[in-house]
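Protein chains: 2
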Amino acid sequence: VVLCQTTHPGNIGASARAMKTMGLEQLVLVRPRHFPDADATARASGADDILARALVVDDLAEALVDCQLVLGTSARLRSVKLPQMTARDAGGRAVAAVRKEQRVALLFGQERAGLSNIEMDHCHALVHVPVNPEYGSLNLGAAVQILCYEVRMAMIDQGQATVAAMDSVMAAPQGMFDGFVGHLEKVLGQIGFLDSKQSITMMRRLRRLFQRAAPEEHEIHILRGILSAVEKTSGDARD
Amino acid sequence: VVLCQTTHPGNIGASARAMKTMGLEQLVLVRPRHFPDADATARASGADDILARALVVDDLAEALVDCQLVLGTSARLRSVKLPQMTARDAGGRAVAAVRKEQRVALLFGQERAGLSNIEMDHCHALVHVPVNPEYGSLNLGAAVQILCYEVRMAMIDQGQATVAAMDSVMAAPQGMFDGFVGHLEKVLGQIGFLDSKQSITMMRRLRRLFQRAAPEEHEIHILRGILSAVEKTSGDARD
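Going line by line, the protein sequences match chains C and B.
Per the numbering used here, residue 1 is the first one in the first sequence, and the count goes up by one each step.
Per the numbering used here, residue 1 is the first one in the second sequence, and the count goes up by one each step.
With the rest of the complex left out, here is chain C (with noise of 0.2 Å):
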């Protein structure tokens, strides 16, 4: 469970009780406001020893850089170009790229704003808990309370055949992934792809497409191969 940019401590404290009733144990927390704090403490009630051991980040990609499935909760459907599902769903594919022992991170943004763009650029998909559309103020700890207890149902579930069988790819970590993204955008920029103004949002389009297919290890070092060849192409061009 990783909480990005967490206003309210209490809320971290819920957390981490809501993940230890589901039998979560590793919490992340991304620039909190107040951490620790005693709010935090109070609201833990027995599951302080989550918050005791949950690591503290200045940056989201060094909470993912183990991460081979990036799990983005929003209380709205967004219409980002990232596949969306359900948080009954998002268990079952957690739980089955746990017991091919990938590492997943479920994402939650701040209390009021949500996830940022930047961050969703950083998940594999969106998922959607379905609150009532006249009032969809679904609390922080209330939302991982529910992702974690959708975790546990697909955990003790064995009818989960289907959504295990769904996919075979075993994502690289999320630090690889990056320095694939990064690798990309400076061959972009020295073959003239990019230009400086519409730069940004090109490659979030890039990320998230290429964030959506989930390479493997062995497809990153073909794309940065490929990247390479084109560097060496571009070097030669200007020499």
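Be a bit skeptical, because a hint or two may be false.
[Claimed, not checked] Within a straight-line C-alpha distance of at most 30 Å, the following computed DSS-like cross-link-like pairs (lysine-lysine) qualify:
1. Lys232/B with Lys232/C
2. Lys186/C with Lys197/C
3. Lys186/C with Lys232/B
4. Lys81/C with Lys186/B
5. Lys197/C with Lys100/B
6. Lys186/C with Lys186/B
In short, the hints are calculated from the structure, not lab data.
Chain C is already provided as a structure; the job is to place chain B on it using the hints.
Okay, now just chain B, sitting in the frame of chain C:
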């Protein structure tokens, strides 16, 4: 939703919010320790209308007088002689009953002790949330959230129709995708990336990788734009 002898008003507020996000409206409080209370209002966030309309009663029987199905929740399995079901089954049962115009109560006990034996005597069945056996301390608001979520899921569950409609990626026609793959192959040959021995295997791998991402039309245009930029650089190199 009927809360029995709730100790912490914050949990009443959290329950109201949990209910409203999931589209439930009628809250009944049986002998709450503090209510109304500022903590309840604060935690309810925008769901204070649920609190304002909450019924406060002295006696559980009074709360249930209209109800035709009473489901009591329990974090742990009880050895009482009552049918037991999961939260998921309870959602389905509750919705099925409501569709037959029955009134259904979801009953929650006091935070620490849970439902007393006397309170359980009012129940038609007990609902079990499958918590971590080593730490089953589900917060009251979190338990309400999970049950209300399961009611909502059962309410909107029309098979997988909602999920299918949610997927926002609209893949390009396969002919357009094939055009991209052909272009890719040509450019990779041009920059010396494909050696003839392994080129079939390599192109198959790349095809699968991009196929997984299921690029949309405008994404195909971007990818082909990159290929054209590479071609141009590479042509320059040869001149």
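Quiz prompt | Hints that the structure is at odds with (numbers, increasing) | solution = Number 5 only.
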